[in-house]
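Novice: In case you want the letters, here they are:
There are 2 protein chains.
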Amino acid sequence: MTTRETYHHGDLRTALIAEGLRRLESAGTDLSLRALAKSIGVSPNAPYRHFANRSKLMGALAAEGFHRFADVIVVAGQEPKPLAALKSLGLAYLDFAQNQPALYRLMFSPYGYSLDSSACKAEADRAFGALVGAIARASESGWKTGHAVLTLALAYWAVLHGWAGLSGDRLMPPGVAEASWGDLLEVYLV
Amino acid sequence: MTTRETYHHGDLRTALIAEGLRRLESAGTDLSLRALAKSIGVSPNAPYRHFANRSKLMGALAAEGFHRFADVIVVAGQEPKPLAALKSLGLAYLDFAQNQPALYRLMFSPYGYSLDSSACKAEADRAFGALVGAIARASESGWKTGHAVLTLALAYWAVLHGWAGLSGDRLMPPGVAEASWGDLLEVYLV
DNA sequence: ACCTGAACACCGTTCAAGT
DNA sequence: ACCTGAACACCGTTCAAGT
Numbered sequence: 001m002t003t004r005e006t007y008h009h010g011d012l013r014t015a016l017i018a019e020g021l022r023r024l025e026s027a028g029t030d031l032s033l034r035a036l037a038k039s040i041g042v043s044p045n046a047p048y049r050h051f052a053n054r055s056k057l058m059g060a061l062a063a064e065g066f067h068r069f070a071d072v073i074v075v076a077g078q079e080p081k082p083l084a085a086l087k088s089l090g091l092a093y094l095d096f097a098q099n100q101p102a103l104y105r106l107m108f109s110p111y112g113y114s115l116d117s118s119a120c121k122a123e124a125d126r127a128f129g130a131l132v133g134a135i136a137r138a139s140e141s142g143w144k145t146g147h148a149v150l151t152l153a154l155a156y157w158a159v160l161h162g163w164a165g166l167s168g169d170r171l172m173p174p175g176v177a178e179a180s181w182g183d184l185l186e187v188y189l190v
Numbered sequence: 001m002t003t004r005e006t007y008h009h010g011d012l013r014t015a016l017i018a019e020g021l022r023r024l025e026s027a028g029t030d031l032s033l034r035a036l037a038k039s040i041g042v043s044p045n046a047p048y049r050h051f052a053n054r055s056k057l058m059g060a061l062a063a064e065g066f067h068r069f070a071d072v073i074v075v076a077g078q079e080p081k082p083l084a085a086l087k088s089l090g091l092a093y094l095d096f097a098q099n100q101p102a103l104y105r106l107m108f109s110p111y112g113y114s115l116d117s118s119a120c121k122a123e124a125d126r127a128f129g130a131l132v133g134a135i136a137r138a139s140e141s142g143w144k145t146g147h148a149v150l151t152l153a154l155a156y157w158a159v160l161h162g163w164a165g166l167s168g169d170r171l172m173p174p175g176v177a178e179a180s181w182g183d184l185l186e187v188y189l190v
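Residue numbers (the working numbering), protein chains in the order written: chain A, 1 to 190; chain B, 1 to 190.
For the record, the hints were derived by calculation from the structure and aren't laboratory data.
Note that the list lumps identical chains together, so a pair holds whenever it fits in one copy or between two copies.
Dumping the calculated EDC-like pairs for lysine to aspartate or glutamate here, alpha-carbon to alpha-carbon at most 16 Å:
#1 Lys121 / Asp169
#2 Lys144 / Glu186
#3 Lys87 / Asp183
#4 Lys38 / Glu19
#5 Lys144 / Asp183
#6 Lys121 / Asp71
#7 Lys121 / Glu64
#8 Lys87 / Glu186
#9 Lys81 / Glu140
Build the full structure now, drawing on both the sequences and the hints.
Specialist: Right, here's the structure in full:
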């Protein structure tokens, strides 16, 4: 969000990621390494000192996205009442995906998660761990005891990921607006 | 699937789509117009006689994908027993996404659905209609009568789309293999 | 160690021209 | 009507060279 003039020397890596995250949402087009370098005021090949190739840079953006994502999910899951925590976590998830659709798409694309596995996986596991924890607490309080916690967690993750994609890409039928998030989650939450 | 030698004259549009669908799954890299034209044996700009630009071609591929997808979904939903139909439809959905991951991703990406709205939307609506029909029959037979049919359909679609994405991109935690599809759907189907 | 300049092969797209 | 050839601006990437 902040713009500075003290880049270009020793902080290029940070500058690339910051500008990359900014451009990701603003420019609808694919993120170009050359355009990114140009907007920072550096030569077209300067990024190669910090990233092996374009994919690795995209992976770093995805990793930063997963980091912020995990922060949001973990906090939302700390709601004391078990079922309220599940719903709060779900709404936080959908909010994140809606507010940063390009970043979310990158995170869960082959250019994101798969290409910087180590960094992305660690943060994704942190978010998924919060989800499993919330599900476990709900299960202990008597919610859907007929299913394994891990299966319940995967099913909930699938609902959230799927709905984030469908609503983000405006694939839902007309008449179904964001207002129905609550209703939708209720189907799963019973 | 079939390879012919009678292309290049009058059938270029068909040839581009056929070869495009083939390359989509084989080449992991992004589909290039020039490479596609070259593999058909035509000049780099010949496709522009049939498609306004690359996006329109991708949209046509997505539309063909949605057509095949709808066929599969509609057939799977014709299973007589209501709950069995829902499960059959879900498994057909996940099968399609797993067997043609690149096509599925394209269909539900901004380059697919959004760019050739008319053709894609018609076929997507056909598939979604089959889903709504199957849900309606289940609802009439006493399944989850507490929720609106449309809400149930959206929730099921979200589960399927989400799981297709997570398993297609191998984002699920280790130890959760394809064998758990049935278990996962059971959570929703109760 | 970090960046620049020049170069390569590739890409989407356009325009004039051929048949 | 359908395709080719040549050209433009752009891209990822590499390599030699500068500081």
